[in-house]
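Taking the hints into account, I'd like the entire structure generated from these sequences.
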Amino acid sequence: MKTYPFHALLWRMKYITRWSLMRCSRPESLSEHTADTALLAHALCLLAQQRGVPVRPETVAVAALYHDAPEIMTGDMPTPVKYKSERMRTAYKELEKESLTDMLRLLPPQLQGPMEGCLTGSRLTEEEKRLLKAADRLSALIKCLEETRSGNREFEAALAQQRQALKEMGCPEADYFVEHMLPCYDKNLDELTRGEK
Numbered sequence: 001m002k003t004y005p006f007h008a009l010l011w012r013m014k015y016i017t018r019w020s021l022m023r024c025s026r027p028e029s030l031s032e033h034t035a036d037t038a039l040l041a042h043a044l045c046l047l048a049q050q051r052g053v054p055v056r057p058e059t060v061a062v063a064a065l066y067h068d069a070p071e072i073m074t075g076d077m078p079t080p081v082k083y084k085s086e087r088m089r090t091a092y093k094e095l096e097k098e099s100l101t102d103m104l105r106l107l108p109p110q111l112q113g114p115m116e117g118c119l120t121g122s123r124l125t126e127e128e129k130r131l132l133k134a135a136d137r138l139s140a141l142i143k144c145l146e147e148t149r150s151g152n153r154e155f156e157a158a159l160a161q162q163r164q165a166l167k168e169m170g171c172p173e174a175d176y177f178v179e180h181m182l183p184c185y186d187k188n189l190d191e192l193t194r195g196e197k
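Per the working numbering, residue 1 is the first one in the sequence shown, and the count goes up by one each step.
These are computed hints drawn from the structure, not numbers from a lab. Even glycine gets a Cβ: it sits at the ideal position worked out from N, Cα and C. You may find that some hints are simply not true.
[Claimed, not checked] With a straight-line cut-off of 30 Å between C-alpha atoms, the simulated DSSO-like cross-links for lysine-lysine are:
{"#": "1", "residue 1": "LYS167", "residue 2": "LYS133"}
{"#": "2", "residue 1": "LYS167", "residue 2": "LYS97"}
{"#": "3", "residue 1": "LYS129", "residue 2": "LYS84"}
[Claimed, not checked] Label pairs and their calculated CB-CB ranges:
{"#": "4", "residue 1": "GLN164", "residue 2": "GLU32", "range": "22 to 30 Å"}
{"#": "5", "residue 1": "GLY151", "residue 2": "SER122", "range": "37 to 45 Å"}
{"#": "6", "residue 1": "LEU192", "residue 2": "GLU32", "range": "13 to 21 Å"}
{"#": "7", "residue 1": "GLU191", "residue 2": "GLN164", "range": "23 to 31 Å"}
{"#": "8", "residue 1": "ASN188", "residue 2": "TRP11", "range": "29 to 37 Å"}
{"#": "9", "residue 1": "LEU192", "residue 2": "LYS93", "range": "35 to 43 Å"}
Structure below.
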């Protein structure tokens, strides 16, 4: 009997730890980051739709679930290493592409075609890719906020870098999120559920 290990491989996202070069007060798994990014991407798409931008929130959320899937094979490459030079960036992109090809082969043949667009993001429009990237950055920003609020000074520079990178994206939906939703991440459960009076 032929078996297809693709989903069992994805299940292992929980074993990939992010922020490997940083001392974390609470480790974050690739699984957590992926789920957070999908939720954020969906929200940003809904905000974009309110501005009349033609995006597909569900399609982008699904793409977000797979956006870091190659890291199951490569591990989470630290940003300072991944973007150190154009040569490193190109080599890493090639490694990601090869990993995606290998992963697709782990699916039943009838699912390989439909899943390719999910894994590669090729189903997304440029606007949808931009929103997914903003959601990915927001997820990193939220992690940096969590760490610095826990007294972990290790993340101060990363927090400033994530804020700046997000601002430079010029994404109105992310700007709205930062202004109106991000402050809520400071609140405790009672404050969140009580709501504003």
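Hint check:
1. LYS167 <-> LYS133: Answer holds: LYS167 to LYS133 is near 12 Å, not above 30 Å.
2. LYS167 <-> LYS97: holds (29 Å)
3. LYS129 <-> LYS84: holds (23 Å)
4. GLN164 <-> GLU32: 22 to 30 Å: holds (24 Å)
5. GLY151 <-> SER122: 37 to 45 Å: With a Cβ separation near 42 Å, GLY151 and SER122 satisfy 37 to 45 Å, so the hint holds.
6. LEU192 <-> GLU32: 13 to 21 Å: holds (19 Å)
7. GLU191 <-> GLN164: 23 to 31 Å: For GLN164 against GLU191, whose Cβ atoms are near 28 Å apart, the range 23 to 31 Å holds.
8. ASN188 <-> TRP11: 29 to 37 Å: holds (32 Å)
9. LEU192 <-> LYS93: 35 to 43 Å: Because 39 Å falls inside the window, the suggested range holds.
Comparing the model with each numbered hint stated earlier shows that all of them hold.
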